[in-house]
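Visitor: Given next are the chains, with one letter for each unit.
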Amino acid sequence: MAGDGSDIPLHIPDAPHRPGEDAEFADWPWKPGDLGKLDVDCSAEETSEHANGLVRVLGDDNSASGKWDPNLSADEMRLGLEHMLRLRIFDDRMMKMQRTGKLSFYMRSFGEEAIAIAQTMALESQDWLFPTYRQPGAQFVRGRDMVSMICHCIGNEEDNVKGRQMPVHYTFKEGRYISVSSPVGTQFSQAIGVALASRYKELDEVTITWIGDGASAEGDYHYALNFAGVFKAPVILNVVNNQWAISTHSNFASGLQNFAIRGIPYGIPSIRVDGNDFLALFSVTKWARERASKGLGATHIEVLTYRAGAHSSSDDPSRYRPADENEHWPGGDPIERLKSHLISIGEWSEEDHSNLSEKLDSEVMSAYKEAVKFGDLANGPYPSSDAIFTEVYETPPWHLMEQWDEMKKWRDE
Amino acid sequence: MMPNMNMVESVNSALQTMLSKDENVVIFGEDVGYFGGVFRTSDGLQEEFGKHRVFDTPLSEGGIAATAFGMGINGLRPVVEIQFADYIFPAYDQIVNEIAKVRHRSGGEFWCPLTIRTPAGGGIRGGHHHSQSPESQFTHTPGLKVVYCSTPYNAKGLLISAIEDNDPVIFFEPKRCYRGPFYGDPHNVPTWGGHPEAEVPESHYTVPLGEARLAMEGDACTVIAWGAMVHVSEQAIKNSGVSCDLIDLQTLVPWDRSAIEKSITKTGRCVIVHEAPKTSGFGAEMAASIQERCFWSLESPIERVTGWDTPFPHTTEWDYMPGPTRIAAAIARTQEE
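Going down the list, the protein sequences come from chains D and W.
Per this note's numbering, residue 1 is the first one in the first sequence, and the count goes up by one each step.
Per this note's numbering, residue 414 is the first one in the second sequence, and the count goes up by one each step.
Bound conformation, chain W alone (with noise of 0.2 Å):
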């Protein structure tokens, strides 16, 4: 019998197992420790690992981040958490011009087997310093690779692949769906109790990096999205009446174009969601790669439906995110003849 989880206690225990399973495996972040994150994914790990495995840190997203490379290249297995994405940025630095570029800059010697976790994206209105979605701002860096959760289910599995992987992972959790998946209505968000992704075993599985995930199966046209828009995408599927694959990324870096490719082959329509902003977003390199690889099957353009680009709005939230209306829209441009 699966227990039953929401996001913060699959990643809960997906920390849980590999603090027993790898004795290299530290944690470290701010409130993290006693208290067990602001969010609660740590809760109570301090107390059954020890202070020295599951511990708070100073306020200093760049000294968290060196302390982890510093750990990381002399063989410990950080899994360090930067309380908000939006808070990454001290880190930057380090992350950019450490952490990625370190096995290369050593000729091999050294590497640093580092996850950075890190809740992202809007609908809690946090404004525009608790909202945002940078993962195209690590996409961009060589040497990184970058995931991004959706489900219970594939918050444990990806976050172990991501420990277990000998390279820095930078780990975005939709903070939206912690405690329910998020359909884009605000005013009715349910939990993720009696969802088949919340089906969650408490022993060590894993979904591996580089693959994505199938959510709906359709053929007339193919939706790509992450994190909480995997399931805004899923109401506007139903919504829409148009029959699509839905694909959860799960992984930006390395991406699964083949699953894409093989998709967009048999639908020959294609519809990238995501909430940060436009320019620049990871959608613009998908829709890039897939006119390179897919031009021939093509049969409208590809639509990305996004974030603006503009800073993420407080009270307004909802007019910024993208919502089923929204993204069945643009499923249904690609059905036009």
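With the rest of the complex left out, here is chain D (with noise of 0.2 Å):
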């Protein structure tokens, strides 16, 4: 028997709760007060209660303390705010695009939207960012263009990587904001060969990464760690445990239930944060920032969060999770908790927040309208099928012109 108490030969682990169960969590032991604020030159092992425990600024009350407020201004709070809500409204309208045929698919960063906002805010702009799919909200920081964004999930003709990739995969080199692609995991360890250029380049730049507590499971995951800890690389890395990869619960991404405490052993300081309190996210990675800037190595990061919504446009969770799951999640609403905040602090009320809200409606709404004037995928048009022999080399040999011109007698005719 397995040693587990079932009746099976294996021990095969579960998700905590499934369809039809309660959805329980433990409250969270964790508050701001418990953790100090560490040394930048600190050694790994010195980070053990960091990474066994959570860095929170915002309590339960939403109230900001200990040692790790970074002491932000309200505009600058305000300006955080106003990225988080701007991304969850921006989504929202780019499933409904999803649910009509105009895009062919979508991932939202629901209950996510503070974990790239806020830690691209901490970073200094000349810093590579090198992201999952899942933190698209950078770009809003670094400014990209919406209509922009949006032309490139449908794929049309005004589409940055010219219809080539799914939706949600940016490009945006002008903020340096590095291609997504789909096999996860893989920038992880890439991001290690960024900053190392930059290092030889002897430039003051750091690159931070993403990766899912499911995706931690790859190989890409434990070179990354390797390579960074060994050649003290100006990274930052991230594991997003949003306890989730589609139906699969954090529980199988590790025989621990902790992700942070992993970074340990390779050498590298490691910190978990409440992924939800911008607060936090964004004083760890400031922190993180000064140890890469001076020369220090990497960070490495366990943001604890919850994928609050499906996986993608073609997942429905309640296949696999309680459908009130995220109902129980301790950890609350990234957007709801900095705004109680900055309420409480007298800097932002209730009617700015609908101002606000209304504001980025139409923001958003406007942007989608010049979009679509541009194509979308149910009624076109789309971008030139030339683009499918274009920059698969710097110059086209000979068999790729021969089949380009081919290409084009077929679709011309």
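Okay, the calculated bits of chain W under chain D, using three or more residues with CB under 8 Å as the criterion:
1. 442-451
2. 472-481
3. 491-504
4. 540-553
5. 729-737
Simulated from the structure, these hints should not be mistaken for laboratory data.
All values derive from a computational prediction rather than experimental measurement.
Every residue gets a Cβ at the ideal spot worked out from N, C-alpha and C, and that includes glycine.
Build the complex from these two chains, which are given one at a time in their own frames, with help from the hints.
Guide: What follows is the structure, given as structure tokens:
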């Protein structure tokens, strides 16, 4: 027998709750005052308490406290709130477009909006972002035009990647946001190379990358930790533990119920942070950036959050987790938490919030209307299929030129 | 009375049949356990057979392949799923250097009766990472058998043969055809309902590995295809008005050379169709062998209609995938005097 009390010979984990069961999470024992600020030149071992605990700034009552409070100005917090709300409204519009056939596919960041936005705001503009499909919000921080983002998702003639990639696989070089790839985890180890190239060029650039709890089971995750530890690369390595990889619970991603501490044996200072706490994310990232910038090497961060929505427009999570699981998740909603905090310090109001919401609604709606002028998936026009042949190589070799001519013959017939 | 199944159901039925028949069969992969697979091919099997027979794994294709290797050499008969063929490459080292070679390198003392199922091919707006058809990356590896099903009936029969085979088998399922045959028109995609190849017995049966299927019979040209391209070729043949043998290859390694020789000796003309890129595609291997064996029977050059030598596009995938018009034109070229 498996030794876990079951009547089967293998130990096979399970998710904590399945459809038809009550979703129960233990209350969080972690409070904002629990953990002190670490010296930037600390050793990996000295971060053990921070890897096993949870860095929070916003408490259960959404007041900010503790040594990790980044003491942001109200303007900075309002900007963070605005970007998060922008992303949520944008996601909802894109999902509606998908449902009406104007896009082929979509993935929301619902419940995880704080992560890329707070972390990118904590970085410098020269820093490199190496995201997964769940960090599109970083582009708002880096000033990407929303029309351009929608055109990419449609894959219309204004799509900067020319209809080649699935939606949400953004590329935004101007914002140092590196092209998203579908195979999960590959970016994590590639980020080490980006960071080492910056160091080679003696530039003060830091690379931040993210990987999901699920994808942390891929070899790339371990390559990244090892290379980062060995070469003291100026990277910030985030494991976004949103607990679900499509239907696969994080219980299947690691035999430990903690992702942060896996960095320590690789010699990398490691911290777990409340991923729905904008201020804690900002603060920990700022600290990690300082380490990288000073030549002290990588930081490994577990961002503890919850995938509040479906994996993608193709997914139906009610088949594998209780429909109300999100309501029991103790980490709250990142937008609500920062909003309540701002209200509690007298820097925001419900009226401000609904005004902002209206403003963003109309911003998203007008971007949407502008984008579909360049075509949508249901109705076209589409980007030229010449783009199938360009940029495969720097210059198309003879065999591609021949095939390109043949394709045009069929297309134009 | 045979139930009518789509290809998802017939794959499921094959897995169910083999889990019942052989207690050494275990099934695992990403999302295959509780959820039953993102395409639903293992739906209900964990509930029926238990978590130790059908289970989810960490997201690690290399880990899945390596674990299957270990189980295989220690007496189990693992059937693993790689969620999309595009994601098989982290497992490539395990497959090519380990799984494919263990029988040979151990002097026959260890072998690996393992089946790797993977949905492949385009037509679902999956862009370049959910659309590739990488069969030739495996046909070039000695020690592997390579299968590409095309209908509910052959999917079940071939999958059972693959699972029962004592060699490792890479089993490609054309995801575009899971819920219906695909005739090359994305605006008109029928279901499998009423299709003769959707009459699938619930019980155990096999379609032997290494044997092609004659899907249409004619005398003026031999059209060879596999996966979704079988149906696209069927449409092309109808459009062309040329009397053709349509050979559904079914198994790529070892391929049914004698069936092809027999057909080409009759027709003297040949078109090979695959959606994978042309260069080093399996069509190249077939064309080379056909000219070696059938040179004196050939009346015209062998034609290949394939995907382009480019990554698979998202928005404009219909300008990438071979369609009935391109295939019909190739058939017509073979008829020119």
